[in-house]
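Enquirer: Order-wise, the sequence lines are chains P and V.
Per the working numbering, the very first residue in the first sequence carries number 1; after that it's consecutive.
Per the working numbering, the very first residue in the second sequence carries number 1; after that it's consecutive.
In short, the hints are calculated from the structure, not lab data.
Treat the hints with care, since some could be wrong.
[To be verified] Stretch by stretch, here's where chain P covers chain V in the computed footprint (C-beta under 8 Å, at least three residues): (1) 33-44; (2) 47-55.
[As the list claims (entries may be wrong)] With a cut-off of at most 20 Å between alpha-carbon atoms, the simulated DMTMM-like pairs for lysine to aspartate or glutamate come out as follows: (3) 83(P) to 69(P); (4) 66(P) to 47(V); (5) 18(V) to 28(V); (6) 66(V) to 84(V); (7) 23(V) to 47(P); (8) 23(P) to 13(P); (9) 66(V) to 54(V); (10) 83(V) to 64(V); (11) 66(V) to 84(P); (12) 83(P) to 98(P); (13) 18(V) to 6(V); (14) 66(P) to 84(P); (15) 23(V) to 48(P); (16) 83(V) to 68(V); (17) 3(P) to 71(P); (18) 66(P) to 96(V); (19) 66(P) to 91(P); (20) 66(V) to 28(V); (21) 18(P) to 84(P); (22) 23(P) to 48(V); (23) 66(V) to 47(P); (24) 18(V) to 54(V); (25) 66(P) to 54(P); (26) 23(P) to 47(V).
By construction, the Cβ of each residue, glycine as well, lies at the ideal position given by its N, Cα and C atoms.
2 protein chains.
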Amino acid sequence: MAKTTEFQWSAEEMAVAKLAFSKAYRREIDTLVRVVRDRASSLNTMDDIWQLHDFLSARRHELDGKYDDRESALIFVFSSLVKEGWLSLDELAGLDPEKVSKISALTRIL
Amino acid sequence: MAKTTEFQWSAEEMAVAKLAFSKAYRREIDTLVRVVRDRASSLNTMDDIWQLHDFLSARRHELDGKYDDRESALIFVFSSLVKEGWLSLDELAGLDPEKVSKISALTRIL
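This is chain P alone, in the form it adopts within the complex (with noise of 0.2 Å):
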């Protein structure tokens, strides 16, 4: 089995691999938006303003560099996304089935 960070995707396989990306991301901001909405709208003492500012330094520290494109991220980046519930393993179809069977795996393992 190749490794990881070794797989070749082909240009088909990159095209389901974008479409999976942008919907896991679409659907992950457009939830921390309704959040934010909400704590927003629930707003009341300056320690409630700095709660939400804690929440959003925290959730801005988890989301840099976690929508990682490059090839050789992609397996965990999905692994990750899927393991979240941002992706289901089915939105994946089109890759090569060694890969969505790697991250399968490490959706139990992560």
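Based on the hints, put chain V in the right spot on chain P.
Expert: Just chain V now, with coordinates in the frame of chain P:
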């Protein structure tokens, strides 16, 4: 004229100061809450979210320590609050006129 940091504050003056202080604080926080809610309601992209985060970082940096209620700081704190429009000089009625005059003078040079 006494140095700004050497003013003595009577119990009556401290009561006036505390009330003025809490009014200004409440106004500034209420305004910030409104601004954050408005910005949150028009969030859409990750960039929007991080711009809100940057905005909160800047406001937090600015507000940390601004509401310093040590006697030695009060003249300066009130000058800033009046200059920024969170407090009117009228609301400091009850303080020694020399203090109000100093606060007023500082609003013009700060």
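Enquirer: Measure nothing beyond the straight line between the CA atoms of residue 23(V) and residue 47(P); if it is 20 Å or shorter, mark the hint as holding.
Expert: The given pair, whose Cα atoms are some 17 Å apart, holds under the 20 Å limit.
Enquirer: Can the restraint linking residue 66(V) and residue 54(V) be considered satisfied, given a maximum Cα separation of 20 Å?
Expert: holds (19 Å)
Enquirer: Holds or violated: are the alpha carbons of residue 18(P) and residue 84(P) at most 20 Å from each other?
Expert: holds (18 Å)
Enquirer: Check the hint pairing residue 66(V) with residue 84(P) against an upper bound of 20 Å on the C-alpha distance.
Expert: Cα-Cα ~41 Å, so violated.
Enquirer: For the pair we were handed, residue 23(P) and residue 13(P), check the Cα-Cα distance against 20 Å.
Expert: Since the Cα atoms of residue 23(P) and residue 13(P) sit roughly 15 Å apart, the hinted pair holds (cutoff 20 Å).
Enquirer: Hinted pair, alpha-carbon criterion (20 Å max): residue 66(P), residue 96(V). Please report holds or violated.
Expert: violated (59 Å)
Enquirer: Can the restraint linking residue 83(P) and residue 98(P) be considered satisfied, given a maximum Cα separation of 20 Å?
Expert: holds (18 Å)
Enquirer: Run the distance test for residue 23(P) versus residue 47(V): straight-line Cα separation, threshold 20 Å.
Expert: holds (17 Å)
Enquirer: Please verify whether residue 83(V) and residue 68(V) have alpha carbons no more than 20 Å apart.
Expert: Roughly 16 Å separates the two Cα atoms, so the pair holds.
Enquirer: Taking only the CA atoms, is the gap from residue 66(P) to residue 47(V) under or equal to 20 Å?
Expert: Judged against 20 Å, a Cα distance of about 15 Å means the pair holds.
Enquirer: Compare the distance between the alpha carbons of residue 18(V) and residue 54(V) with 20 Å, and conclude whether the hinted pair is satisfied.
Expert: Given that 20 Å is the threshold and the Cα spacing comes to 31 Å, the pair is violated.
Enquirer: Do the alpha carbons of residue 23(V) and residue 48(P) lie within 20 Å of each other, as the hint requires?
Expert: holds (18 Å)
Against the hints set out earlier in the document, violations occur for numbers 11, 18, 24.
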